[in-house]
Amino acid sequence: MRVLAAMSGGVDSAVAAARAAEAGHEVTGVHLALSANPRSYRTGARGCCTLEDARDARRAADVIGIPFYVWDMASRFHEDVVQDFVDEYARGHTPNPCLRCNEKIKFSAVLDRALALGFDAVCTGHYARLGESGPAATLRRAADPAKDQSYVLAVLTGDQLGRAMFPLGGTGKDEVRREAARRGLLVAEKPDSHDVCFIADGDTRRFLRGKLGDAPGEIVDEDGTPLGRHDGSYGFTVGQRRGLRIGRPAPDGRPRYVLDIEPVTRTVTVGPAESLDVTVIEADRPVWTGCPPPAVPVRADVQLRAHGEAHPATVTPPPAAAGRGPLTITLDAPARGVAPGQAAVLYDGDLVLGSATIMTAHRLAAAPA
Amino acid sequence: MISPQNTEDGRVSAGARGPASDRAPAGAAVYLDHAATTPMRPEAIAAMTEELGQAGNPSSLHHLGRRARRVVEESREQIAEAYGARPSEVVFTSGGTEADNLAVKGLYWARRAASPQRRTVLIAAAEHHAVLDSAAWLASHEDAKVNWLPVDSEGIVCPDVLRAAIEPDPGAIALISVMWANNEVGTVQPVAELAEVAREYEIPFHSDAVQAAGQLPVSLAGSGATALTVTGHKIGGPVGAGALLLARGADPVPVLHGGGQERDVRSGTLDTPAIRGFATAVEVSVMRRDEEAKRLAALRDELIAQVIAAVPDAVLNGPPPGPARLPGNAHFSFPGCEGDALLLLLDAKGIACSTGSACTAGVAQPSHVLLAMGADEARARGSLRFSFGHDSVPQDTDAVGAVIREVVERARRATAR
Chain A
1 MRVLAAMSGG VDSAVAAARA AEAGHEVTGV HLALSANPRS YRTGARGCCT LEDARDARRA
61 ADVIGIPFYV WDMASRFHED VVQDFVDEYA RGHTPNPCLR CNEKIKFSAV LDRALALGFD
121 AVCTGHYARL GESGPAATLR RAADPAKDQS YVLAVLTGDQ LGRAMFPLGG TGKDEVRREA
181 ARRGLLVAEK PDSHDVCFIA DGDTRRFLRG KLGDAPGEIV DEDGTPLGRH DGSYGFTVGQ
241 RRGLRIGRPA PDGRPRYVLD IEPVTRTVTV GPAESLDVTV IEADRPVWTG CPPPAVPVRA
301 DVQLRAHGEA HPATVTPPPA AAGRGPLTIT LDAPARGVAP GQAAVLYDGD LVLGSATIMT
361 AHRLAAAPA
Chain B
1 MISPQNTEDG RVSAGARGPA SDRAPAGAAV YLDHAATTPM RPEAIAAMTE ELGQAGNPSS
61 LHHLGRRARR VVEESREQIA EAYGARPSEV VFTSGGTEAD NLAVKGLYWA RRAASPQRRT
121 VLIAAAEHHA VLDSAAWLAS HEDAKVNWLP VDSEGIVCPD VLRAAIEPDP GAIALISVMW
181 ANNEVGTVQP VAELAEVARE YEIPFHSDAV QAAGQLPVSL AGSGATALTV TGHKIGGPVG
241 AGALLLARGA DPVPVLHGGG QERDVRSGTL DTPAIRGFAT AVEVSVMRRD EEAKRLAALR
301 DELIAQVIAA VPDAVLNGPP PGPARLPGNA HFSFPGCEGD ALLLLLDAKG IACSTGSACT
361 AGVAQPSHVL LAMGADEARA RGSLRFSFGH DSVPQDTDAV GAVIREVVER ARRATAR
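If you're matching them up, the sequences are chains A and B in order. Counting along the first sequence from 1, when you hit position 110 you're at 110 in my numbering, and nothing is skipped either side. Counting along the second sequence from 1, when you hit position 17 you're at 17 in my numbering, and nothing is skipped either side.
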C-alpha cells in the first residue's frame, strides 16, 4: 500500500511510520504545519507544530528512509479546530480539540488529499487498534489502557477508519520509546505533548479572553441566589472547582463546583459535589462503527471524557431510529462532571460501538414519554 | 573522503550515496532545479578537493600563508576577468545572501552617514528575499523608507518607472537594487538602462546577478552598476563561496566586523578551497556561456512546447522565450493545482523541481514575485519552476513531458474542495 504517515515530530508518529515502512508499505512522511506563523504556537518540546517539531519529523523520516514533505493545513486547522474550540466555549460547551483535529484534519482534509494524490491510507501514532480493515473497519482500545486514545478517534466513521493505520495500538509507551532508541530515532526521549497545542502558554482562560473579550455574568447557587460575578463564562467547565473566586463560603462550608453554564445570560450555576451527579445524557450526531445503528435500546459502557472511566449504561436510539437524532444514555449509576461538548463514546468491552456529542445531562431520569 | 560519482556521460548523479528517501524512486534522477543549486562541475571539484589537502591561512605571513594567498588572488583575478571587474573590485563573501546584505545595508549606512537625508531605498518588488528582507529590516530598524518599484506583468522594471520613482526627491535616495535575472520566473531586467538612470542621479545601483551569472554576459563595468552579487553554487561551484563585485569608490559600511580581510569591508578567514572551486566554476561557465545559453534555451523551449501540448491551459509565467527570459528557466502555473502537490507527485517519479517560492518550515507561501506581477493567489499557489543547468540533457525534458498531464490531473483532484 502507499501510506501517508502524519509525523508530528514526536516519538509515537515516528515509530508508527517506521513500522509501516518495515511492514513493506511505500511510506511518505508528512508534517502538518498548523500555524501560518509557527512561532505563534507552543515552542519547545511540549507541543506540536513548531519549527523544531518540523525538524524532528524530518530527521525521523531521514532515519527511517522515507520521503518527507510539509503540508500547510494552517487555514483548515484554524477554521475547523481553533475557531470551533472558541465557538464551543462561547456557547458554554467544553470541546475536545484533539478529537476535532482527528475528525476534521487528519482523517478528513489530510486523508482526502492523500487519497486524491494516490495514497491508500493515513498512518498516525495513535494508541488504538483497528478491528477489521476496509469498509467494515472497527476501532478498539489500545492494548496499553494507560495510553489508549480510542476516545479521541471514536468520532471517525467506518470509511475513515477503513483508510486509517495505527501501528502502535498493540504496544505500550515504554516499548515504543525503547524501539525508537533502537531504531536510532532521536525523538526517543522527547517528552509527551500535553494540553492544547495551539495555546502557547497553556493558559486556556487567557487565550479565550483574547478571542472572546469580557463576557461578565453572575455566579448563582442552585436556587438562583447570586453569589458573585465572573468576567467570562467561557472560563468555566462543568465540574470545575478551582478559580470560582466566590468570596462567601457555602453555608455548610463544603466546596462548590460548576454545575451549569448558561451562555446567553452567561449565568454560571454552582453547587455541591453531589449535584454534579447525572444519570441521563442526551448526545447528538451519533456515529456507529462497532455495530449497525440500533433500533432498540442497547447496553454499552460509556466513556464521557478523555481518560475517564467507562460507565455501564443503556443507550436508547431516537424513536425514528436509523441513527439520526440524539441518543438518550441512561447510566446505571450516576457519573460526575459530564460537560456538554465532550464526546460520549460507547464501548462493548474494548470495541468502540460508536460515539456522539454530549448536549445535555440531567440528574434524574426523564419522565417516560 | 567522499567522492561524487560520475556517470558515463559525465553527470554527477545526485543522491547516489543517500538513503532510500533521497534516491530517485526509479530510473535516472531528473534534476530540473538548477536555480536552487547546481551540481558541481568536475573541474571545480578537482580544483577544490586538491585545495582541501593544503594548509595555510591566506592572511598568514609564512610560506604556507603566502601559498594560500596566491591561490586566493589568482582566483580573484579569474573572477574579475570573467565578470568585467578589477581584482580589487571582488569582495569575497559566504555567498549571495551575504553579498546582498552587504550591498543593501552597507551602502545604505554609508550613504546615510555621508548625508543624513538619504533614507529612501528603491527596491524592485520581485527581488530575492536576501534583498527584500534586508531592505525591510532597514525600514524597521534603521529608519529607512523603502519604495517598492513595481514590475509589469512579465516581471520587468521599466527604466521610466525607476526614473519616476527617483525624480520627486533624488537627494533622499540612498540606493537602488534591481536583480539582473529573477530566480523564480527568469525575467531578465534591463540592468544597463536602469544603471544608467541611477548614474544620472549619482545614486549607487546594486544588482543581484546570482541567477544571471552562468547564462548571461554579466559584467560590472559593462553594466555600469555599482555593485553586483554573484555566487558559486548556481554555476557549478561550491555552496558557501560568493562575492560582491564592488566598484572602486563604493565603500559600504561592513556587516561583519573583524580582521578586515576583504578591503576592510568584509571580515572572516577566507575559505581558500571554496574560493578556488568558485573561481574554477566561474572560468569554465563563462568560457562556455554563449553556447551553453543556446543549448539551455533549446531544452527550455522544448519543455515549454511539451508541457503546453500536454496541459493546454498551463500558463508560462514571466516573459516569452527571448532576450528578456533566462535561457534555463521555465515557470508555469497549472490552474486548479497546488504547487506542492505537483512537486510531490513529480518527486515520486524521480523528477526534482521547485514551487519556486520561499519556504517557512517547508510550507510554500504564495510567490511574492507572481503576486507582484499581478497574478492572483490561486495562480501563484499552482506554480512550478523547472530550471536547467550544465548537466541537463534532452531526456530531462522528455521525462517531464511524459508524465506532466497525468500529474496535473491527479493534483487537480487533490485541490482542497
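Treat the hints with care, as some may be off.
Here are the computed distance ranges between Cβ atoms for each label pair [said to hold, decoys possible]: (1) A/175 x B/53: 56 to 62 Å; (2) B/312 x A/210: 33 to 39 Å; (3) B/313 x A/22: 39 to 45 Å; (4) B/170 x A/78: 42 to 48 Å.
Chain A stretches covered by chain B per the calculated footprint, using a threshold of three residues with CB under 8 Å from any CB of chain B [as the list claims (entries may be wrong)]: (5) 146 to 155; (6) 329 to 343.
It is worth saying that the hints were derived from the structure and are not from the lab. Note that the Cβ used here is the ideal one computed from N, Cα and C, for glycine as well.
Starting from the hint list further up, note which numbers the structure goes against and sort them upward.
-> 1, 2, 5 and 6
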